[in-house]
Amino acid sequence: MISFILNGQIIRTEEKPGSTLLDYIRYRAHLTGTKIGCREGDCGACTVLEGKLTDGRIEYRSIVSCLTPLGNAAGKHIVTIEGINIAGLNPAQQAITQHAGTQCGFCTPGFVVALTGHTMQQQPSEPWAAIESMGGNICRCTGYKSIERAAITVSNMLKTKNPDNPIGWLVGQGFLPAYFTSVPERLKTLIKGTESLQGEKTVIGGGTDLLVQKPDDIADTEPLLLFDRKDLKGIRDENGYCVVGSAATAQDIMQSALMRSYFPRLKSFFFLVSSEPIRNMGTIGGNIGNASPIADLVILFLALNATVHLQNTRTGGHRSVALRKFFFGYKKLDKHPGEIIVSISFPVPDKNTHLNFEKISKRITLDIASVNSAMGIRLQGDTIRNAHLSLGGVAPVPLYLEKTSSFLAGRKLELDTIRDAYGLLAEEISPISDIRGSKEYKTLLARQLFIAHFTELFPKKFCNRELLKIL
Amino acid sequence: MKNIDSISHVTGRSLYVDDIPVRTGTLYGVVFTSPVAHGNIIKLDTSGAESMDGVTGVFTAKDIPGENQIGGIIPDEVLFADKKVVFHGQPLALVVAKDEFTARKACAKIVTDIEPLEVVTDPREACNKGMLLVPPSTFRSGDIHKAWDQCAHIFEGKTETGGQEHLYIETQGAYAYLMENGHIKIRSSTQGPTHVQKSAAEILGIPMHRVEVDVTRLGGGFGGKEDQATAYACMAALAAMHLQKPVKLILHRLDDMRMTGKRHPYSADFRIGLSGALKIVAYQATFYQNGGAAADLSPAILDRSLFHSTNSYFIPNTEVTAYSCKTNLPPNTAFRGFGGPQGMYIIEAAIAKAAHELNVPASVIQEKNLLRENDPFQYGQVAKNVHIGKCYQMLDKEFGIKKIAGEVAFFNQENVLHKKGMALMPVCFGISFTNKSMNQARALVHIYQDGSVGVSTGAIEMGQGVNTKILQVTSRTLNIDPERIKIESTNTTRVSNTSPTAASSGADLNGKATEIACIQLRKRLIKTAGSILGVNPGRLAIYDGWVTCDGKRSKLSWEKLVKTAHLERVCLSEQGHYATPFVHFNKETAKGHPFAYHVYGVALLVTHLDCLRGTYRFDKVCIVHDFGNSMNIDIDMGQVEGALAQGIGWMTMEEVSYDKEGKLLSNSLSTYKVPDIFSAPRQVVCIPLPVKGPKPAILRSKAVGEPPLMYGIGAYFAIQNAIKAFNPSYVPDFDAPMTPEKVLMRLYQ
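If you read the protein sequences in the order shown, they are chains A and B. Each residue of the first sequence is one higher than the one before, starting from 17 at the first, in this note's numbering. Each residue of the second sequence is one higher than the one before, starting from 222 at the first, in this note's numbering.
Everything labelled a hint here was simulated from the structure, so no lab data went into it. Idealized CB from N, CA, C, for every residue including glycine. Just to be clear, a hint being listed does not mean it is correct.
Listed below are several chain A residues computed to face chain B (Cβ distance under 8 Å; list not exhaustive) [claimed, not checked]:
1) 49
2) 53
3) 55
4) 58
5) 61
6) 105
7) 113
8) 122
9) 164
10) 235
11) 381
12) 479
13) 481
14) 483
Straight-line alpha carbon distances no greater than 27 Å define the calculated BS3-like cross-link-like pairs of lysine-lysine that follow [said to hold, decoys possible]:
15) 330/B with 230/A
16) 485/A with 945/B
17) 485/A with 963/B
One chain only, chain B, in its complex shape:
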């Protein structure tokens, strides 16, 4: 089944926040932000802006009737800076005017005097100064101290991975307007409507039930709208409340890039020990996460880096410590993979380092250490239904790992100015929120008296196809034609207390809740059908729009059944509630069973390097991916291809750059480059691993949003191998992204 939104997408009829027809009297906001990264606010004079023609209001911290607080996990982030600014681009005021153009001009009339304080942008420096967002976390297994004695080879190194701008093509935005009795409605481009609702209520000093948040769809999220959509929704709501007018706030791209956080850069030290047989015996690492100026989701992201610090390998002795460092950058936030990619890069770097020193292909070490059935993860969960070995075998069978390696070697022998490089990237990614309480969802299913169905859940559609999957669940469970079903917008008055659509779990959690509701409705209708037809309901089923009896079509159609049930006063609405079973995790001991299941896969990447110019392209990427039993292979393949591109982008051309004063240099699309159509690998082949799929996955179809992003990590190592082929004196270093600049400098170092 194709994405149910695709027709409105290709005709331009899909509505995003800025497309909602505006109400009469709508006003427009522009955010005024701090021009420095750290300082004491001596003066914030907005009078110049307020007196401008067309300006209807300027709002600052002092205009907040409730609490000036929007922190997601811990309350350490203000909506508007009050006494102190802690990052360049931090909101100080919202200027509201008759149009955006006027509001932007008025921003230039705001005068500030900020006493500068020391700016720290480097996470190691922050850590040395004791500037941490939360206390450090450590994961341990085995006995790391004794383990070093058992190692034949020990290698150490340092890694850096850069940030990544989400670059959802639709920028952050919200539209807020008053309903009767001082209630407020917010149309927000958010992955977390409940977070918006709760924060707006706190900012406005009103109970949550007076704030309604409605989301139709997002023009891309990728984690960037999990927590950080909230601030702009709150600002629009605050201004709407004060002015008693509808207020729209859509960020200009430059403002969005300057103000919002990105994927966390990590700096790390590793130590890896191997036996003579190349088994990894010990792995020790320290991660320095650049958290930015407030916690946002950093603590949870830090944890996931630890969960995935051994990727798809079994390592008996580990000790990995992670520091969430407070710096004067915009608070970094969720981004597809949620810390997993950073953790995986570091272990892959350690393996690459060992492989280089021992003069063996990294793939040999990778393959010898792959996770096997019943191996314990360092966090205590025992690995079940492990498919990583099968993925390797299938990849080799379908594509021939040695054959491709031979082709690459031959090419490198034949060519002087062009070299190829190959790398394998295995992935093991845990599915569930690692915060247990978030693993719940609800769905509200209405069957209308004409037999059509409306489904509301807490899931946010942002391109990942969750609405299509929920429609499929409904259609399959009620056994009715998809045409009869509509997926409603996500609205906090219909489905409350939602978890954000994140952690790849949107379809699992909300799909399961939908399934539960539909099963109840089906049971009830079958019972009604039994009394209508005068037969035991056990003999009845619904199939293709008809009630069947012993597998044969009866004379009772779906429409008639529904209509009769309504007349008989049978409830045609149902709420389903789902909570993922078995998951738990003890933060104190760092042990538990945090994941419902794991997703596995492996990718082989081949890059082609122009050694004169330092530029590269990707010839092919071959993937075997564990989708479980994919319920929608079109959508799932799209997730693999899209995540791969984003992962390759993170490792290659996407370079977030700040100056020492904490000012973003890569502040526009002309200075921050994401892959375009010509950057796509020439060939991407993805083969689904034929497996049954686990029960906690919706219809046994595994979560797919994040795991394939990490295939992109292989891009770094493929390029590195190509550089080695040209410049034998190059000693591999680990400083992602591998931009053309870094490539050229390494080719000729």
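Only chain A is shown next, with the shape it has when bound in the complex:
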């Protein structure tokens, strides 16, 4: 039995936990405002909001219902376009209408839901953030400029939002129907009734990869759902190590005050990682477990010299493996049967440590990398103390560049070092031609991104005509 609140209504269903929330919404609840565009999280037509109670406070995030296992809705408030509608139009709907931001209308409910989700955030609204909230929504008609104008209008209306009680404020302003205010209390009664959804087969975090790869198989099974496991959440500093729970989402990591205190440019890295709804779903554990050779988060954490912590669900035993040793071959992991990824940790960086992340894909945002790369580098004056360099899309695994990284240690931070290191780097990679790019392109990209780490981190030193000598 899965229980949740769908718009204003309590749902108790015996549908399989691995079936999709989207199919439940459209074909069981008959709410047809949520549309099917791609079933792979790439169009946003099925965007809904997920409201979750944490410490008595409800927080809403946008998610794509096509990749959400129904079991992950348990104990939550799921909001579709129908659940947003009030008598007349809410200001987000009004803005889209006024700016002619809807043409065929098929993608529109997804945009409205995503933009409404933005209005519900605690932090103050900025126009760019309002636009960014719709980064996961594809519109084939408008060319987006009208939608941008609508987003700016909406953002400007949120200036007086009460950060302590955004939902109450939004209800008062006619953004949301009144039933929202009673949802937290109703959810509390619900959560007791829905305990664990234990199973044996597939382990699922956010579902953003597995439900793309094999949705029909998962729909038929009882997966082990880790997404809402409290013990797997959280990002904390433990004795000089930063520990990230495996169920932390990409968005959790991006917004973590701790992570941002280490890496002030973190947000710009995550801008390149999928879209807001997908970041709200995809977990670090899932990204590691999926073992894709271009896994963005894995590439990032390789440059942090991270360690993976595993727990055997059968024996209770614990084990830790360096992330760079965790991948054997294409989709092959050092993970034993029964083991789940519990957390990932890395040494807390000091002030002289710098991190950069690069990713190139056909479309800059919401795309899968042709090549991605990260570099963590620690300096002492003009000398590189140590460096950790990773590259994705150039090998069967997300690659840690052992030789190049150790070569860099102890060298001067100068053009010759970059050029010499590149010679080693080229030997360490083995890209192949595929839909994400030719071998030649990926080889060239590997060099370019390696150089980009230096131009991004040390622009004064490297962004000049001298650099052209090594290009």
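Once you've looked at the hints, dock chain B against the given chain A.
Relative to the frame of chain A, chain B by itself:
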């Protein structure tokens, strides 16, 4: 006036095919398709699927009671492959089950044995082997052979443009159910309800009057549902007829992408000759259109490539030949622009090549050769009301072409790893179907006895706002409040023998038919008002819900007038029929007057290239566009912005890719990328050219759907110019789309 659908759109209440509440006993279909691109069918064993729990039927070619044929222009396309498969993803069977999930699982149980045959995916190879869908077409003007002697400069080159997936967010789909007496009703997501009706009737072996097709709206079409919605509607109807149950068939995105055709890739050779004064004297080109495995609309698309092969330029001597090549790909089909973009890209490439070799900006050659009043097009039509020169002047006045060029040059001087590029893209696009018989439409207008009005036409609403425009025409012609008017669904029993909503002509044709019907109704009601009021009808008019006499409000309201007219047995319904006057075209001589009018405009695009990473963005796009006298500037601006984005997408990130075996590699949204909100140009400014507008345009408001797509072609050349700024040894080549991969390789070649 805002789009009349916008309120139901933003509240999620608009209904698309898959949203129609299902009837009891509805079954669901999934199409089983060929796993190879070319071969002889030795075995097609569906027994495994048929015996699965929940499966109610599997239908193949042998279950077709009528003719296994759905070809749009020529009868060369089967609904289900019978003896041979000719493309990967070609339908072989429809599996119908209690739900889609079961039907999909059952598909996996179908066993085939197909003897593989040679697969051809390249249009030039197909042409060399004589594999053509239709005989080649040639357009000529002047004397190309003598003209080369007059040229001071002659340049040659080769171009490629890629395909483009429509990516309507609503996939293809249909819902078919039986009415009494074996009649069938199909709710289809189609731009061409009559094509669906006719094909379904032929497949089922029944007359057309037994098939009713109804369309409320489409979640995007872009040409992809002009011809290719038909197959799925026919399949649903076939299964519904056999099973005597409602059958719904909504394609999964992966199936849609694999099975359906796309914009035609073109490969071309060009030769361009210029005088010392940079006048284009001669232009010769050969186009190889990759048509796919069946003709679909390819012949008509091929013709439009020829019509637009000189874009907005006057070239006195031309010879352009186009081959429609038959390959083992899904039949390529209509896509916004309909061959026009491909033809225009090639002439723009020729100009860019000449500009590079002569070391002048392409814009100089463009501007010197713009079409002028009374210049003949190569197809014989004399250009009238030519606005391209005015568009250029206004663009320069409003934005300063030289000023922007100076800013770009300055930026490039100052920056090492970032370069900007600029390009101008003029557009001249002819409005009308080039097949004369399609330039007709009908509207049926009912005034109900309470004074409310219902309008049915053959136009399909797919986001372009045609219903809003028809409502405006009705409101203006009857002079009544828009609130009184409802636009009905498009239904073949109310309006028959419709042309597809395509060629940007939906509002013109159907709007004109509506106008004609409304004028008749108005005349009749005014006459009735005259007898009620006892005054000469010549003094009467309808204004704002009242009958006016000599411009003053009478005591006769619209409601009362309508009610009285009904009691007096005056007909309150009218059908309007419109056929575009003057248009004709002789295919034999390739001369005529095919277009009611032309749409003009020019865009200036500035791109910003990251030369370390090979990525780009568009800083701004400035446009002057000839809307005529726009009847709805919100809707028309939306068409410009949307078409621009689609055009830029086609030229940049949208890359349709097949392997050598004819299997689609860019087969999902994770491998085929269309512009997202962050890919939109930072700034898009579009200024309407102040003009009166031509009479054949509805309320003098020009057709707007397709022409602005071609502004996007400038994206290619803007990026190319930015690459040249970084890598002086780069020799411009013409191989669209200009993906980040191609950019990086060219920056460092």
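query: Which earlier hints can't be squared with this structure?
result: none
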